[in-house]
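Novice: As a plain string of letters, each chain reads:
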Amino acid sequence: MSDMQTASPIEPVLVGRYPVPDGQAFLPLGARELRGIGWFWQDILETARFPAGANILLAATMDQAAQLYPLELAAADLNLVICSAEPSFFDAGRVESILRRFAPVAIVGVGAAMLEGLRAGGHDPATLFGGMTAWVWPDAYDAVAAMSGVTALRLAEVGPVIAVECARGKGAHFDGREWAIEATDSGLSVSSRLPRALAFDRMPIESPAGRVDASPCACGLSSPRILFA
Amino acid sequence: MDSRYLDERIECLPRAELEALQEARLESSLAHSLAQAPLLRETWAAAGISAADIRSAADFREKAPFIDKDSIRAFRDRNGDQSGGLSSARAPDLKGMGFTSGTTGDPTPVPRGARLPYDLTFQRELWEMGARPGDYISRVMFSFRFGISLARFINLGLKPIPFEFVPRELPRLFEASLRFRPTTLANLSNGLISAMEQELDRLKLDSKDVFASYRGAMFGGEPLGVRQRALAKEWGLELFEVTSLGDVVGAMDCRAHAGFHAWEDFALIESIDPEGTEAVADGEVGELVVSSLGKDLTAILRYRTDDLIIMDRSPCACGRTHARFKLLGRKSDQILVEGKSIMPIDVWATVQAQPECGAGLFQMIRPQREMDRLRLRVGHDPARPTGPADALAGRIEALLADGLGVRCTVEIVDDADLLKLGPPHKIPRVSKT
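Here the protein sequences come in this chain order: A and B. With my numbering, letter number 197 in the first sequence gets 197, and the count goes up by one each step, no holes. With my numbering, letter number 88 in the second sequence gets 88, and the count goes up by one each step, no holes.
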């Protein structure tokens, strides 16, 4: 644990992980924090106004649980059906199968490995994703944003914070009640604002780079946004 | 007071009471199952049977028709019904859709609701392994089968530490094991255990220290390899094998390790003549047939699983009264070589005993069920040669000819080539070509 992190007496209910420059660090989460991430996802999904009963393809691996398990909970509360796959090169065949058979309205977790796997299987991602909303990790965003007929929205981990674009696509929202993110000379810094299982005090984040916009979003959410560089 | 069992009364219910409970659940769920599953309605109508004709479990065993994978696929193809006619679930009851491995064709969807019978029986299995509220648990799993779905752990008061089901996560798993001291792990595969051996060596870690806190680890998806069993024992890691009961619930061996315990309050199980419809006695080889006993999103009645088993309904040393079964392999994997039955489990130990073949990767080549010789494709680690590939092939051929009494032809390939054929670290054991 670094000087910018503090353990606390809050018992975790889950130990996830978050990216650090040399790999991954453990991210204990308390019950309140897990619930909060779920509500954050619920707010984001509601901006897209998907019809009740619609399918959403969630491409996630188990280690992404801290940020993406709450999405499963949020979808259930909104009567959306999560169809499960993994974002790996190998599981691209399953992704194609789900897209073909279950016609999801959105896909969450598109990354470069998935795109490569789809192409290796003889599929055109632009055709597969056509008409859908796609939440895309940084390593694939430019490629998906260039696809005609696909609404590409950003999805990013800013250290322990999940940042997600709403349907308006004008910057990635994060939970401003839980986190303070500030711009610094070398990038961003992340601090936690409420008691949590693992607290953060000005943890520097070099990547992804961006600036914070605290003005209200046209989607109606008041949570601040990161405008990525 | 800590009980050995999570649901002691049910898990140790005397057989007569357990069978009475099954009968009550069958009666209360039959109409739901038929309403839920159009394939079941179609199959029962074709057989001229309705729910009103079933007054007892004996009636059910005498009259209820069977379904199998072929009938599910045919219904799917005929009607465009992705569930194969086994579910009519929609939101809001339907919360998610997982998928089977899909080693052949499109993966089969597995609907999930807010509460799964699988969660309830899985918690019994975690408890048997030694997990208790407040414990950390290492959760190593692919997400496509159940979703991320951590409620089954959190609702038992456990604290999951989730990992992707790939070898590159192992350093992080070892770090978590040393730091958080989890008491259980779910799940491992032969491939992951082999990779653990390499990573422990590379990182110069003391395996006994890494696994010191674990009271048990689940292993599933394929038979446990001889080498992997030995490694786990050397590390002080007690493995509990798990399997599926027709995707209704799971089944796991207990600390007595004397066969998989079926959870008979959730599933009615039968052992049926693999080539016919009559029940076979305990101790004989039969095909596992499963019927769901709850009001689930997916309903199956008399589903022929294709799994060959030996059933045992005698009381277990663990105190549980639910039936146990030994799993021999898939009926469709069986090859008859000059009339002799050969299953993948019959060649596994011989292959894995070769130093180059420690990962135990192989395929039986089965263009048809009956053949005049056994043909194998065997994976080897090219970094661990003991001689030329054709010498390895000849050695395996001779050992199998001697041990199984059948002629055999072996093709040697790299392990890496075989691993490309299936989901992470699990390969189809039988191939047509």
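Hints were generated in silico from the structure; no laboratory data involved. Glycine included, each C-beta is placed from N, C-alpha and C at the ideal position. Errors might be hidden in some of the hints.
What follows is a set of in silico ranges between Cβ atoms, one per label pair, in the way DEER data are often shown [as the list claims (entries may be wrong)]:
hint	chain 1	residue 1	chain 2	residue 2	range
1	B	Lys420	A	Asp139	38 to 48 Å
2	B	Ala317	A	Arg32	42 to 52 Å
3	A	Pro204	B	Glu234	39 to 49 Å
4	A	Pro51	B	Arg384	49 to 59 Å
5	A	Asp124	B	Pro367	27 to 37 Å
6	B	Ala151	A	Arg168	51 to 61 Å
7	A	Pro9	B	Pro385	52 to 62 Å
8	A	Gly131	B	Asp81	43 to 53 Å
9	A	Pro9	B	Arg255	28 to 38 Å
10	B	Pro171	A	Leu194	54 to 64 Å
11	B	Ser3	A	Pro51	38 to 48 Å
12	A	Glu116	B	Asp68	46 to 56 Å
13	B	Ser332	A	Pro9	50 to 60 Å
14	A	Asp124	B	Ile154	33 to 43 Å
Pulled a few chain A residues facing chain B out of the computed Cβ check, cut under 7 Å [as the list claims (entries may be wrong)]:
hint	residue
15	Ser8
16	Glu86
17	Glu96
18	Ala113
Novice: Work down the list of hints and note, for each, if the structure agrees.
Specialist: Cross-check of the supplied hints:
1. B/Lys420 with A/Asp139: 38 to 48 Å: 23 Å, violated
2. B/Ala317 with A/Arg32: 42 to 52 Å: Since B/Ala317 and A/Arg32 have Cβ atoms about 44 Å apart, the given range 42 to 52 Å holds.
3. A/Pro204 with B/Glu234: 39 to 49 Å: Because 43 Å falls inside the window, the suggested range holds.
4. A/Pro51 with B/Arg384: 49 to 59 Å: 56 Å, holds
5. A/Asp124 with B/Pro367: 27 to 37 Å: 34 Å, holds
6. B/Ala151 with A/Arg168: 51 to 61 Å: 32 Å, violated
7. A/Pro9 with B/Pro385: 52 to 62 Å: 56 Å, holds
8. A/Gly131 with B/Asp81: 43 to 53 Å: 23 Å, violated
9. A/Pro9 with B/Arg255: 28 to 38 Å: 35 Å, holds
10. B/Pro171 with A/Leu194: 54 to 64 Å: 32 Å, violated
11. B/Ser3 with A/Pro51: 38 to 48 Å: 47 Å, holds
12. A/Glu116 with B/Asp68: 46 to 56 Å: Cβ of A/Glu116 to Cβ of B/Asp68: about 37 Å, so the range 46 to 56 Å is violated.
13. B/Ser332 with A/Pro9: 50 to 60 Å: Given range 50 to 60 Å: holds, Cβ gap about 55 Å.
14. A/Asp124 with B/Ile154: 33 to 43 Å: 40 Å, holds
15. Ser8: 15 Å, violated
16. Glu86: Hint holds; A/Glu86 Cβ to chain B Cβ min 6 Å, cut 7 Å.
17. Glu96: Violated, about 10 Å.
18. Ala113: 12 Å, violated
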